[in-house]
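Q: Sequence:
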Amino acid sequence: MQVSLSPKALQKLTTLSESVAVNSFYYGKSATKPTRADIKRAHAEGREPDQIEMAGDLVTLPAAGGVAGLPGRNLDATEVAAVGSNPLRVNVNVFSARKAAQDNLLDCDLFEDELQLARAKPVIIGCRLIGER
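Note that our numbering has the sequence shown beginning at 1, numbered continuously upward.
Note that these hints are calculated values from the structure, not bench results. Mixed in with the good hints, there may be bad ones.
[As the list claims (entries may be wrong)] Below, simulated BS3-like cross-link-like pairs (lysine-lysine); rule was C-alpha separation at most 30 Å, straight line:
1. LYS8 to LYS99
2. LYS99 to LYS33
3. LYS40 to LYS29
4. LYS121 to LYS8
5. LYS29 to LYS99
6. LYS40 to LYS121
Produce the complete structure using the sequences and hints provided.
A: As structure tokens, then:
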């Protein structure tokens, strides 16, 4: 992911010595049909019964933004195997790291698609200050 900031966002984060956080969340459709118990548990947890949710990554970038890889270092091999040949997907959110400011300062583009596509070429995520036009 290539994170770029508007001039105003860059100035604000630099002035505050704030960082940029890139959070990825991985998931995929189960290769097997869910059982009744799976469906009940999924509904109780507020998720889709045929979806395998996996731990993501959190990468911190400097105030200027930059490139954040999607290493998938927290992916569990058993969970990945449960997806089978279905595509592994990723949801990426970018926000200020809240090291210098208590609240998020950034309004950033979102990315959600197949992980393979995200790794194939740099995906540009633009960020601006919340409320900036």
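Q: Output the numbers, in ascending order, of every earlier hint that fails for this structure.
A: 2, 5, 6
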